[in-house]
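Engineer: Keeping the supplied structure of chain F fixed, place chain D upon it in accordance with the hints.
Just so you know, the protein sequences line up as chains F and D, in that order. Numbering follows the UniProt record's numbering, in which position 184 of the first sequence is assigned residue number 184; successive positions increment by one, without gaps. Numbering follows the UniProt record's numbering, in which position 36 of the second sequence is assigned residue number 36; successive positions increment by one, without gaps.
For the record, the hints were derived by calculation from the structure and aren't laboratory data.
Only pairs whose alpha carbons sit at most 30 Å apart, straight line, appear in this in silico DSSO-like list of lysine-lysine: (1) D:Lys-63 <-> F:Lys-2; (2) D:Lys-65 <-> D:Lys-153; (3) D:Lys-2 <-> F:Lys-2; (4) F:Lys-63 <-> F:Lys-165; (5) F:Lys-65 <-> F:Lys-153; (6) F:Lys-77 <-> D:Lys-99; (7) D:Lys-153 <-> D:Lys-77; (8) F:Lys-77 <-> D:Lys-2; (9) F:Lys-165 <-> D:Lys-165; (10) F:Lys-63 <-> F:Lys-77; (11) F:Lys-99 <-> D:Lys-77; (12) D:Lys-2 <-> F:Lys-63; (13) F:Lys-165 <-> F:Lys-77; (14) F:Lys-2 <-> D:Lys-58; (15) F:Lys-165 <-> F:Lys-99; (16) F:Lys-77 <-> F:Lys-153; (17) F:Lys-2 <-> D:Lys-77; (18) F:Lys-58 <-> D:Lys-2; (19) F:Lys-165 <-> F:Lys-65.
In silico contact screen, one side only, chain F against chain D (beta carbon under 8 Å); selected entries: (20) Lys-2; (21) Thr-19; (22) Asp-30; (23) Gln-34; (24) Tyr-37; (25) Phe-56; (26) Gln-96; (27) Leu-100; (28) Tyr-131; (29) Gly-140; (30) Pro-145; (31) Asn-167; (32) Ser-184; (33) Leu-187; (34) Phe-189; (35) Cys-193.
Where is the CB? At the ideal position from N, CA and C, for every residue including glycine.
This is what each chain is made of:
2 protein chains.
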Amino acid sequence: MKSPLATAALDQLFVEARTYNSFSDRAVDDATLQALYDLLKWGPTSANSSPARFVFVKSAAAKEKLRPALSEGNLAKTIAAPVNVIVAYDLEFAEQLPKLFPHADARSWFAGNDALIQTTAFRNGSLQGAYLMMAARSLGLDCGPMSGFDNAKVDAAFFAGSSIKSNFLINLGYGTAEGLYPRSPRLAFEEACRIE
Amino acid sequence: MKSPLATAALDQLFVEARTYNSFSDRAVDDATLQALYDLLKWGPTSANSSPARFVFVKSAAAKEKLRPALSEGNLAKTIAAPVNVIVAYDLEFAEQLPKLFPHADARSWFAGNDALIQTTAFRNGSLQGAYLMMAARSLGLDCGPMSGFDNAKVDAAFFAGSSIKSNFLINLGYGTAEGLYPRSPRLAFEEACRIE
Chain F
1 MKSPLATAAL DQLFVEARTY NSFSDRAVDD ATLQALYDLL KWGPTSANSS
51 PARFVFVKSA AAKEKLRPAL SEGNLAKTIA APVNVIVAYD LEFAEQLPKL
101 FPHADARSWF AGNDALIQTT AFRNGSLQGA YLMMAARSLG LDCGPMSGFD
151 NAKVDAAFFA GSSIKSNFLI NLGYGTAEGL YPRSPRLAFE EACRIE
Chain D
1 MKSPLATAAL DQLFVEARTY NSFSDRAVDD ATLQALYDLL KWGPTSANSS
51 PARFVFVKSA AAKEKLRPAL SEGNLAKTIA APVNVIVAYD LEFAEQLPKL
101 FPHADARSWF AGNDALIQTT AFRNGSLQGA YLMMAARSLG LDCGPMSGFD
151 NAKVDAAFFA GSSIKSNFLI NLGYGTAEGL YPRSPRLAFE EACRIE
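Looking at chain F on its own, in the form it has when it is part of the complex (with noise of 0.2 Å):
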């Protein structure tokens, strides 16, 4: 039986956590990126297919790739980010399966089925960008998600010629209280949930 986690570590994850503008400048390391991974690729995914895929923009260089596609309200504070995560899915992700799913042929059940693909892969993708948001309040860092960017430019910036297709962008590193917003509202429990 598994017992509630600490207060601190709900505070951390959930009551206390927030959406931050600003970081500080403390880097954050390619061996931290690869403990993020290694933490968030364990969330459930349908049919273990983790259509999803990450770009880490940390360069200078990347980072001008990225600028076209960030819409004015966003491109101060994303190119100051020490990372920014492009969160994406990969439309051919079934391609895995065998190796993902290897107790029975998952592949065939997306073969020709446009409309499964793209579902799942949004479906699944979203979800893992959600874990990954999690993995790294769990691992101390700040996240600043955001979906007011270009996803075409992304796409065709990063992901040309292949079946990866941007989905949103986190802006990740260790937050500092500057342009922190007040909380805002949440809807009660009556209001976005029933039980029956």
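Structural biologist: Using the frame of chain F, we list chain D on its own:
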């Protein structure tokens, strides 16, 4: 500066966490479902839009409503689970934005843009489904997510006449080892990620 969570917490959330097919008889009481929501609701969504809606299916009558929508392979384990969560999203989520995002007229960003509404609801509703699973694991619960069911039948049985659409299902309870598959492999960092 936040520290990484303890190894035991990382194991509970990610490394040792599994998708469960069988659950003990221990009930999941309504206060636990409230606590679950009171964690997951803090997870970030675009413009704090919080499009996810959740039905916690517990009663025999509600399970009979769900039964015809389930695929044969998921039927017995789903009916037997203490709770089935219907993770759904409200296509009219923007009506809540004056309350959820009071510092801008965010509702107007979505008015008449059905493609943006659909994408925002599905992406962010999926993120919130992942937050629910991570919150459940944080509370010592176990999950069995699935997308192998008939969405249209769930929508007709639970959301008729509304703007709410089902996304995926999560069986919820305290897992047992029965029917637990050997863990499947994951993509290596180099297969799923690149650093630029």
